[in-house]
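Residue numbers (the numbering used here), protein chains in the order written: chain A, 179 to 645; chain B, 179 to 645.
Not one of these hints is a red herring.
Which copy? The list can't say, so a pair holds if one copy fits it or any two copies do.
In silico EDC-like cross-links for lysine to aspartate or glutamate, where the CA-CA straight-line distance does not exceed 20 Å: (1) LYS527 with GLU392; (2) LYS545 with GLU394; (3) LYS203 with GLU297; (4) LYS545 with ASP467.
Hints listed in this document are in silico derivations from the structure and should not be mistaken for laboratory results. Keep in mind it's a predicted model, so treat the numbers as computed, not measured.
2 protein chains.
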Amino acid sequence: MAKLIVVLIKHLKMTPIKQYIEENKQRFLDELFGLIRIPSISSIADHKPDMLKAAEYWKETILKAGADKAVVMPSDGNPVVYGEKIIDPALPTVLVYAHYDVMPVDPLDLWKSPPFEPEIRDGKIYARGADDDKGQGFMHAKAFETLVKTNSLSCNVKFMIEGEEEIGSPNLGKWCAEHKDMLKADIIIVSDTGILAPDIPAITTGLRGLAYWEVEVTGPNRDLHSGLFGGAVANPINTLAEMIASMLDENNHITIPGFYDDVLESSPEERELLNKAPLDIDEYKKAIDVAELRGEKGYTTIEHTGIRPTFDVCGIWGGYIGEGAKTVLPSKAQAKISCRLVPNQNHEKIAVMFKEHFEKIAPKSVKVNVKVLHGGQAYVCPIDLPAYKAAEKAYNDTYGKMPIPLRSGGSIPIISTFEDVLGLKSVLMGFGLESNAIHSPNENFPLDSYYRGIETIAAFYKHYAEL
Amino acid sequence: MAKLIVVLIKHLKMTPIKQYIEENKQRFLDELFGLIRIPSISSIADHKPDMLKAAEYWKETILKAGADKAVVMPSDGNPVVYGEKIIDPALPTVLVYAHYDVMPVDPLDLWKSPPFEPEIRDGKIYARGADDDKGQGFMHAKAFETLVKTNSLSCNVKFMIEGEEEIGSPNLGKWCAEHKDMLKADIIIVSDTGILAPDIPAITTGLRGLAYWEVEVTGPNRDLHSGLFGGAVANPINTLAEMIASMLDENNHITIPGFYDDVLESSPEERELLNKAPLDIDEYKKAIDVAELRGEKGYTTIEHTGIRPTFDVCGIWGGYIGEGAKTVLPSKAQAKISCRLVPNQNHEKIAVMFKEHFEKIAPKSVKVNVKVLHGGQAYVCPIDLPAYKAAEKAYNDTYGKMPIPLRSGGSIPIISTFEDVLGLKSVLMGFGLESNAIHSPNENFPLDSYYRGIETIAAFYKHYAEL
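Only chain A is shown next, with the shape it has when bound in the complex (with noise of 0.2 Å):
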């Protein structure tokens, strides 16, 4: 009897909203999990076939949720779906925009469970996808079935899932331009993005962009005797080593000529904000187990990730990689590289002059091939944005303070692109924590972060259609 008055009391306290999702936790749970069992890694070709299951499971999720229609839909890539609901023509128009394609998950042995078959273990879900984007993205579709069952829907709201953001969204740019009367709306809403810790709420009001390459230098046509051959042909290894050294300089300045021709410096005032974020940098270094960072010289560790650009190389590869030893001058040697991007700089143009650069600086000895693989602009979200005001109370009732507007050091490529072809600017609510390990072994996703993920998706709707 006094438990039973201890659940009413609960419920009574409860709004609507906070009860529906409350009695249908579970479910929202096993619904996120059938998701995420599906292996959609968008760089592996193997892998088309879970490319539709996951895009026909998000069809489903969203029709049952209560959308007017909703259908998967093909594009040059992989399949993307749309769904609407529209109350009615006069209320503002909100677009969910989430991706169910997941990046690759190897070193595999370093997962602790299946990364396919998702484990909660200390109140967190372990998966690849359970953040990065399956986690955050079914949050959107759970808020949207909450406001439609409880009867408290204020806007009218249009869902674009896609399949290929992992590999940097090559196709929906296109498709966008083609369905844009359908898309029509007044703000993107998108969770891909984190907070500053479980009790520090944030919206990152500014990304990255991205240029992304794969290079190959070939030396001798085959595989040579290192003994008969070392020291008078040059090896491919060692000339690639040497190109990527050459590539940044003793302050970390990255040497392509007129690579920061583009770059906006922000002023004293900006770079004094930016830097009142919380960084414990003794935390941060533990945290990652190195002893010294290494970045730019003249900025701090918050300007290096937020407002400044990198050159990192994301893979490398050649010659002999098995057990012991091999005595091999190798023919080539291969890397994946990328640069980090930051507002104004283009990234088609970085592509190309990076591919310039790189070619102009390969010895004769050597031949050099440059494949540009993908990229995206960079991004800022003005704060004085309706929406964005919104989503600052949304996280406000939820979290219980104001949000810190932030910048974050990750590419959203396809953020730029929606407004550049949509004319659509787009609020990042995002809800993941640096912890969540997304695109590493064992990512994760606390089941705290998915539940208040919906409710304040949930309050953003209310306030959106009160401004």
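Given chain A's structure and the hints, the job is docking chain B onto it.
Positioned in the frame of chain A, the structure of chain B alone reads:
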């Protein structure tokens, strides 16, 4: 009838040795193929059972050829095959050294026929080990058989066939020390080197030494998102590339302090003689398809591969090396690195020197681990040695011209160990050609080299007994 006369005349002109080889041609080839079909790759643990198979095959071969005894003997690594035929203790004793192990076969997709299924194309045997060292080693078994069966054997013969040459013979030195009495001989002969062209015989009088390491550079404790951390955290691939690049200066001199201290510089006279070996630089570049060579300033191509030490990365790997793009700031980068050394450089001293230098130049933002994989000393054979003179005459018999003494860039680390442990010089009676592509895909050995090698080795015994 006319045909029969031609055959008879041919046989009449032949020595009994040449006739025996001619009559057993096909069987000599079939038996070699049997050995080649055993995939005895010493650097890959999975092939352990194949090592024993190859050793047993050699034992049977030596026994059938007419040895008094042949046994497969244990060592601290793969077994060693020992065999002997003592016809008269007063006669000179020749110790034959060869190895039954072979190099790995990757990249497998570049082979035109399976590496362990020998195929004859254009008069050449294509297979891993066809030359190095199954083809060249087996010639000794067949030369021995020929001498025994034609009652022409003029020396005592001992065989020592090991299974770890391609991983640097880590256990044979100790094995030799333990069996010093059994291995007593006057000279060692080895066929594991090459000649200059099918019609230009040569004897290798110098071999470079070798030091081989595996290095690991660790940045953060896990793969990081290159957007969220890139620019602030040292990338271990970038760092490894810089460290490798720093090992050679603009003149391609190795920058490890003290590296050249023990190098015995060749005299101007020696260098002049060395540079008389025929080498068409345009043909050399064309054969390996490079527009330009690259070697240490102040030395010629022949000197680069003959008398100068080298620094080559044999393999490199780290980060994402799968299909497509993954924006990762990896945790680790690794490389296999080797130096060819020249006479008087001590490989153990160099191994420590590199390790200390590499650890010293590592920035504090990464951790470095250097593992010494193996090494071997350089070797020089004096050209006034009786066995060298006998080898010269043998080549003159079968090639119609005297062989050129030459310094090879390759290493057979065990050769200098034989000198230290057994007090024996080795004569390197090689028959390989540059086009045989040893250690590479499509390794091959011309049938003519095989049969002419057998004949030359048989002639060596004759001349050696007469000296």
